[in-house]
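In this note's numbering, the protein residues as written are 3 to 320.
Calculated cross-link-like contacts (lysine-lysine; reagent style PhoX-like; alpha-carbon spacing at most 20 Å):
| # | residue 1 | residue 2 |
| --- | --- | --- |
| 1 | 197 | 219 |
| 2 | 251 | 197 |
| 3 | 265 | 57 |
| 4 | 162 | 197 |
| 5 | 251 | 219 |
Read the hints as simulated data drawn from the structure, not as lab findings.
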Amino acid sequence: MRAWRVHDLGDPAEVMSFDEVDIPTPGEGQVLVKVRAAALNFPDILMAQGLYQEKPPLPYTPGVELCGEIVETGQRVIGSPASGPGAFAEYALMDAAAAYPAPEGLSDEKAASLYLTYSTGHVGLHRRAHLQAGEWLLVHAGAGGVGSAAIQLGKAAGAKVIATAGGARKTEICRELGADHVIDYTTEDFVPIVKEVTGGHGADVVYDPVGGEVFDKSRRCIAFEGRLLVVGFTSGQHPSAPANHVLVKNYSVVGLHWGLYRKHEPALFWRTHEELLRLVGEGLIDPLVGDVLPLDQAPQALARLGDRGTVGKVVLVP
3 MRAWRVHDLG DPAEVMSFDE VDIPTPGEGQ VLVKVRAAAL NFPDILMAQG
53 LYQEKPPLPY TPGVELCGEI VETGQRVIGS PASGPGAFAE YALMDAAAAY
103 PAPEGLSDEK AASLYLTYST GHVGLHRRAH LQAGEWLLVH AGAGGVGSAA
153 IQLGKAAGAK VIATAGGARK TEICRELGAD HVIDYTTEDF VPIVKEVTGG
203 HGADVVYDPV GGEVFDKSRR CIAFEGRLLV VGFTSGQHPS APANHVLVKN
253 YSVVGLHWGL YRKHEPALFW RTHEELLRLV GEGLIDPLVG DVLPLDQAPQ
303 ALARLGDRGT VGKVVLVP
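Work out the full structure: start from the sequences and follow the hints.
This is the structure:
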């Protein structure tokens with residue numbers, strides 16, 4: 003089979019090669035799946051650069067999210083490959099206990115895009131931030147894969163959603179996703195606008211996959227007893243929250259590393275998946291897929307994602 007492999011750490015376009023390798027053999031508790039679609043995520047880039055918290059031994063096949071067909075049964079499933087990455091290939095191994103049924107109403111490309119970002123968003127908004135109906139939710143980078151999921155999940159929870167995005171195309175996408183108010187951060191400062199839109203109340207929950215200056219400015223427009231969710235650092239900058247500011251404004255900075263629940267509370271994965279199936283079935287969430295490319299264009303796809311010129315999820319199809 004053909005599979006992309008990272009042989010050295012660095013820019014994915016420079017360290018990946020499309021190799022001919024053996025089809026993997028399932029171990030105990032594993033299933034072999036034929037990959038039907040593999041969704042890209044920002045950690046795919048960070049992992050190749052050696053900047054992610056998970057560092058698989060070299061060489062490895064990247065890709066942490068897929069929709070596949072179990073070879074033995076023909077069942078369509080979604081999830082992550084066994085032991086982390088491995089989705090950018092024609093076949094992959096999955097842990098049988100973590101191969102989740104794909105929603106019948108979604109295409110392969112959309113199903114592959116549901117698992118990671120929507121599970122992260124659901125656990126983040128509900129378990130970590132305890133988002134309530136009627137609260138104000140501020141979603142940064144709303145037109146991206148992570149942000150678009152958070153907008154839809156926020157609206158499904160009954161929240162009032164403010165989204166930030168860069169440029170006319172991306173702000174319009176946020177409106178189409180259901181955001182109540184959209185701010186173009188390339189031309190507007192979101193801090194005073196959030197304060198104005200909320201009548202001086204501020205954002206009860208901030209969903210921040212960007213970090214850096216976005217995190218710092220979010221602290222200035224967060225509500226009393228607000229929750230600032232640290233989802234990631236696509237800006238490349240790891241911010242710090244001054245403890246005195248947290249105390250004076252009485253808000254919480256909440257970390258969100260969804261993958262850790264596999265170690266601490268694995269049952270949460272199935273409960274979250276069942277909730278996502280319900281939301282899909284009720285038409286409340288629908289993954290936004292911005293680009294679909296053939297598997298052999300993985301380096302170009304990762305470059306697009308890294309340049310932040312994409313909307314929604316980018317998906318590879320073998």
